[in-house]
Amino acid sequence: MNSEISTIESGDDMKNYNFSALTNVELINADLGSMNDEQLSVLYAQARYCQAMTDEDIDTMRELVSEDMTYTHMSGMTQTREEYFADIADGSLRYFTIGMDSPKIEVSGDTASVTYTSVLNANAYGARGTYRMKGTHYYEKRDGEWIAVNSPDR
Numbered sequence: 004m005n006s007e008i009s010t011i012e013s014g015d016d017m018k019n020y021n022f023s024a025l026t027n028v029e030l031i032n033a034d035l036g037s038m039n040d041e042q043l044s045v046l047y048a049q050a051r052y053c054q055a056m057t058d059e060d061i062d063t064m065r066e067l068v069s070e071d072m073t074y075t076h077m078s079g080m081t082q083t084r085e086e087y088f089a090d091i092a093d094g095s096l097r098y099f100t101i102g103m104d105s106p107k108i109e110v111s112g113d114t115a116s117v118t119y120t121s122v123l124n125a126n127a128y129g130a131r132g133t134y135r136m137k138g139t140h141y142y143e144k145r146d147g148e149w150i151a152v153n154s155p156d157r
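Residue numbers (my numbering): 4 to 157.
In case anyone wonders, no lab produced these hints; they're calculated from the structure. Owing to the predicted nature of the structure, the values given are computational and were not obtained by experimental measurement. It cannot be assumed that every hint is accurate.
Label pairs and their in silico Cβ distance ranges [claimed, not checked]:
#1 G94 x S69: 35 to 43 Å
#2 N153 x A89: 29 to 37 Å
#3 M77 x N39: 27 to 35 Å
#4 Y128 x N19: 36 to 44 Å
#5 E109 x R131: 31 to 39 Å
#6 N39 x K137: 29 to 37 Å
#7 I61 x T139: 22 to 30 Å
Built from N, CA and C at the ideal position, the CB exists for glycine as well.
Let's have the full structure, built from the sequences with the hints guiding it.
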């Protein structure tokens, strides 16, 4: 869905963020060329997580999300990480494609946030449709990797 590859050179390191490999994730209104390495790294972590959701790849999702993560659905229902992952694994939640519209990434040291409008093509507990919702996802850098964490308000 997205054909962009961004390459950042810093010193002797060259990092590639191959967004085009994420076949079920579309970046919409995203100016990758204006983002620095940390912003791209956070955005790529979020996009990889979205791809893992569509692939029902629970192992990758576990790698990208802190153990104490909780999820709140549109209905207000709250789940632990493992409850949410179980619903994806058993098909109760099925994500087909995920659009990330107008992502804004803020990085401050080892914390970051990604705010965007999700465009989800999904079957959520029997309700199939396309859902648009704006949200913010929070990250902490742990051992050099960006990991999704709960909102600082939780």
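Hint by hint, here is what the structure shows:
1. G94 x S69: 35 to 43 Å: violated, 25 Å
2. N153 x A89: 29 to 37 Å: violated, 19 Å
3. M77 x N39: 27 to 35 Å: holds, 33 Å
4. Y128 x N19: 36 to 44 Å: This hint holds: roughly 37 Å between Cβ atoms.
5. E109 x R131: 31 to 39 Å: holds, 34 Å
6. N39 x K137: 29 to 37 Å: violated, 23 Å
7. I61 x T139: 22 to 30 Å: About 24 Å separates the Cβ atoms of I61 and T139, which means 22 to 30 Å holds.
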